[in-house]
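Participant: Sequence:
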Amino acid sequence: MRRIREYIDAAPPILAHIGGAEPETLEEHSKLVMDFVHLLEEENGLKEAVERCINALRFKGESLPETLQSLVTEWFYQGIYLHDLGKINPAFQSKKMKNEQVDIQKKEMDSKHSLLSSLLFLDIFYSEIEEKVPRNYQAFMAHVLYCFTYLISRHHTYLENVSDDKYFDALEELCSRVQRHPYYIQFYREAKKFAEFDLTGVEDYQREQDSHEPFSFYILMKLFYSALVACDFYATYTYNVGGQKPGFRFLTEHHIKDLRKTYEDTEVLKGIRRFQQDPSSFDNIPINSLRSQIFLEAETQLLNRLDKNIFYLESPTGSGKTNMSINLALRLLESGQSLNKIIYVFPFNTLVEQTKASLDQIFPDDFQTKVPIKVVNSVTPIITKEDKRNHGEKPIDLKEEVLMRQMLQYPITVTSHVNFFNYLFGQGRESNLPFVHLCNSVVILDEIQSYRNDRWIEIIHFLESLSELLNMKIIIMSATLPKLDRLLLHGKEVAAELLPNARKYYENPIFKDRVHVHFELLEKGTMDLDELEEFLDQLIIEKGPKRILFEFVTKRSAREFHRRILEKYEKKRPVILLTGDDHSYYRKKVIEAINKKEEGVFQLQDVILIATQVVEAGVDIDMDIGFKNISTLDSDEQLLGRINRSCLREDCHAYFFLLDDVSKKLKNSNDYRLEKDLRDREYQNDLINKDFHRFYQNVFRRLIETSQERNNHNIEHFLYMVQSLNFGGVADQMKLIEQQTNTLFIAYLLELDNQEKVDGREIWNQYKSVLKDSQPDYAERQVKLSELRQIMDYFTFNIFGEPVINDDQLGNLYFVEKGELYMEIDPFTHMQRFNPQKYQKTSEDIFI
1 MRRIREYIDA APPILAHIGG AEPETLEEHS KLVMDFVHLL EEENGLKEAV ERCINALRFK
61 GESLPETLQS LVTEWFYQGI YLHDLGKINP AFQSKKMKNE QVDIQKKEMD SKHSLLSSLL
121 FLDIFYSEIE EKVPRNYQAF MAHVLYCFTY LISRHHTYLE NVSDDKYFDA LEELCSRVQR
181 HPYYIQFYRE AKKFAEFDLT GVEDYQREQD SHEPFSFYIL MKLFYSALVA CDFYATYTYN
241 VGGQKPGFRF LTEHHIKDLR KTYEDTEVLK GIRRFQQDPS SFDNIPINSL RSQIFLEAET
301 QLLNRLDKNI FYLESPTGSG KTNMSINLAL RLLESGQSLN KIIYVFPFNT LVEQTKASLD
361 QIFPDDFQTK VPIKVVNSVT PIITKEDKRN HGEKPIDLKE EVLMRQMLQY PITVTSHVNF
421 FNYLFGQGRE SNLPFVHLCN SVVILDEIQS YRNDRWIEII HFLESLSELL NMKIIIMSAT
481 LPKLDRLLLH GKEVAAELLP NARKYYENPI FKDRVHVHFE LLEKGTMDLD ELEEFLDQLI
541 IEKGPKRILF EFVTKRSARE FHRRILEKYE KKRPVILLTG DDHSYYRKKV IEAINKKEEG
601 VFQLQDVILI ATQVVEAGVD IDMDIGFKNI STLDSDEQLL GRINRSCLRE DCHAYFFLLD
661 DVSKKLKNSN DYRLEKDLRD REYQNDLINK DFHRFYQNVF RRLIETSQER NNHNIEHFLY
721 MVQSLNFGGV ADQMKLIEQQ TNTLFIAYLL ELDNQEKVDG REIWNQYKSV LKDSQPDYAE
781 RQVKLSELRQ IMDYFTFNIF GEPVINDDQL GNLYFVEKGE LYMEIDPFTH MQRFNPQKYQ
841 KTSEDIFI
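For the sequence shown, the UniProt record's numbering assigns the number 1 to the initial residue and increments by one for each residue that follows.
Check the hints yourself; a few may be wrong.
Computed spacing ranges between beta-carbons, pair by pair [said to hold, decoys possible]:
#, residue 1, residue 2, range
1, Ala-21, Tyr-778, 13 to 21 Å
2, Thr-73, Ile-688, 28 to 36 Å
3, Pro-500, Lys-261, 29 to 37 Å
4, Asn-754, Glu-523, 48 to 56 Å
5, Tyr-720, Asn-754, 53 to 61 Å
6, Pro-500, Asn-55, 30 to 38 Å
No lab work stands behind these hints, which were simulated from the structure alone.
Since the model is a prediction, treat every value here as computed from it, not as a measurement.
Yeah, the Cβ is synthetic: ideal placement off N, Cα and C, and Gly gets one too.
All chains should be built: construct the whole structure from the sequences, respecting the hints.
Facilitator: Have a look at this one:
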């Protein structure tokens, strides 16, 4: 490692940071940055990840010679170490560092340092290409070096497109300026040599992006950028807190043993281990016998396939996938493959909350003081009430907690798919901080079929490469699981099926016959609400008190049907409405009421829940009878997952109908799952038999066809964006949510369970005050904002289009002061619910 002092020729000290007890020199900061690089090598496998990435680089289909691999490795670490070399700029020292020992000759000198750092890095190492690199590799190696310099130049901002002329033009302009005015680099020991530096050769080589394999190169560069900005953050944090380095929170062998012991001590695991020794132990509880068989087969298959990086856990609803996933994750941690953290990833916050609750039951608060389990999403505070309770009298270090959140520095994390993809593909500096920490992770992706299917090809290619290069073990689980590795261009099956004979479990009567499926309403063609209401009336007469669920595909139909049924049955049974317009607190109270039991029996034995698709994908409710407007086959299966979820009741039914034809809408959004639906007899049989192979094969076929079309959406165009480090293009392509919405903040008076009243107007004013307050430090502000966002979630509602009525605005958040005008009292919970029709009608009235 070449030391930074080798490049500095200065009598005055060159400073990197001020504001602490003593100024920090550039040499001190650079050393501290590398201390954290070494810590990531020792504790999180950074060295091995870099080696794998560089070893996987291909130039014209061939691996790089060892000498060139060593050179790329040297540039990787030197680039991190020298990323702030541009702070030798006298203007930076005088203006930013208040360094009184440095005079600047012209007051208008530019004080920026990042681009100068990249230019000097290029100057230092470019000569190695002609000296050390064989001629046939020189263009490619120059391109590698050029990409490192681009990332250095962006370490205080965000990533764009390396191939864009904008960066090279800026580099060329700065080079010309520095050569005309050499006092910019008067403290650079190689200043005289720099006067002869010529960027022409670099320009000739910079566009060598089409000669190498895309994914290993992209991941190497993301790893470099993430390691740079993360270690820079760690080092700056250490300086700002007086030199106390933050500790890493990865799982140790001792932690893993404690996790296993605590997990095995649960009653569920004790039962499974008894069954393992004596299969007759659950003869009187067939469902537990079946769940134990599935659990043990998945465990055995995993232990036999530890060489794989991607695992499929396809198992019926009610089979205990969450419990299995915990065991499988622990088995991977115990496998001696340097794995040291677990990351759960879910497509919906309801699943995040449910899984956190399940983990809390297994690993209690006192255990989590040693091994924290943290939720990372938009509505969970950085420091929760549980954190405060667990700390007792000991004060919480806000700065460190914020740093840990930024770095995803938790032994076990539960987060959203949007967050996870932002860690992988985000352009911003802060969104790239977690990437380097993903090395050595066990990642559990739940309900992956709910991700945009027109991105499945791109997703599986990245998951394959990331898992191999970063030593990630990925478990993909669902009751309706698309085997995405069938979409890989090389045609190899890279994933291991943990239940290769899953069909025998799906066909077991306990799962297959737990819900009787009916299609007779589809024979009526497109129904109207009158017909649906009439059918419900007859069913209630025949069946008596039942827990009934209706799932519509539009809020409009759900609201109108709720109005009708409430008017008819309100005095006889609860009729509840649940849609995407409801805030999280209302949803939580409804689900709690639906699930509440007394002596093992549901309190609400006679209830009608009318909902949209918010009840899908793992939402833990257990109904007797379900009705659903057909949509995609995997979505229709989700309805069955809400019926007789416990597998303990008989006379449970599901009825499918057509009211709103969603296929017309979704076909325009490249959702190939809707080319056929349950009007097709074959699909009806597939649903009854829980066989989704044909369904997904049709989707795969269409995805492959589309990916080969000649347009900017084909796979070749995407691979080119990855290959050429078009970070912006890749980020856009990998967005999981395309629809753009605006958010209303509807201010009203909310009453919580404990009789506490929360005024939305006060919350809005607090939020504005914290955003505008320049006094609190960054960490304190972030903690306060995260606490407020949890409460703000009770007042925020998404709408399409521009809001007409609003009294204030912060970004795309629109404040509506007289929110009570657009709320209504829910007759079941007696809480206020947002009525978007009232809001829309009022806005229309303005123009009448």
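Participant: Which earlier hints can't be squared with this structure?
Facilitator: 2
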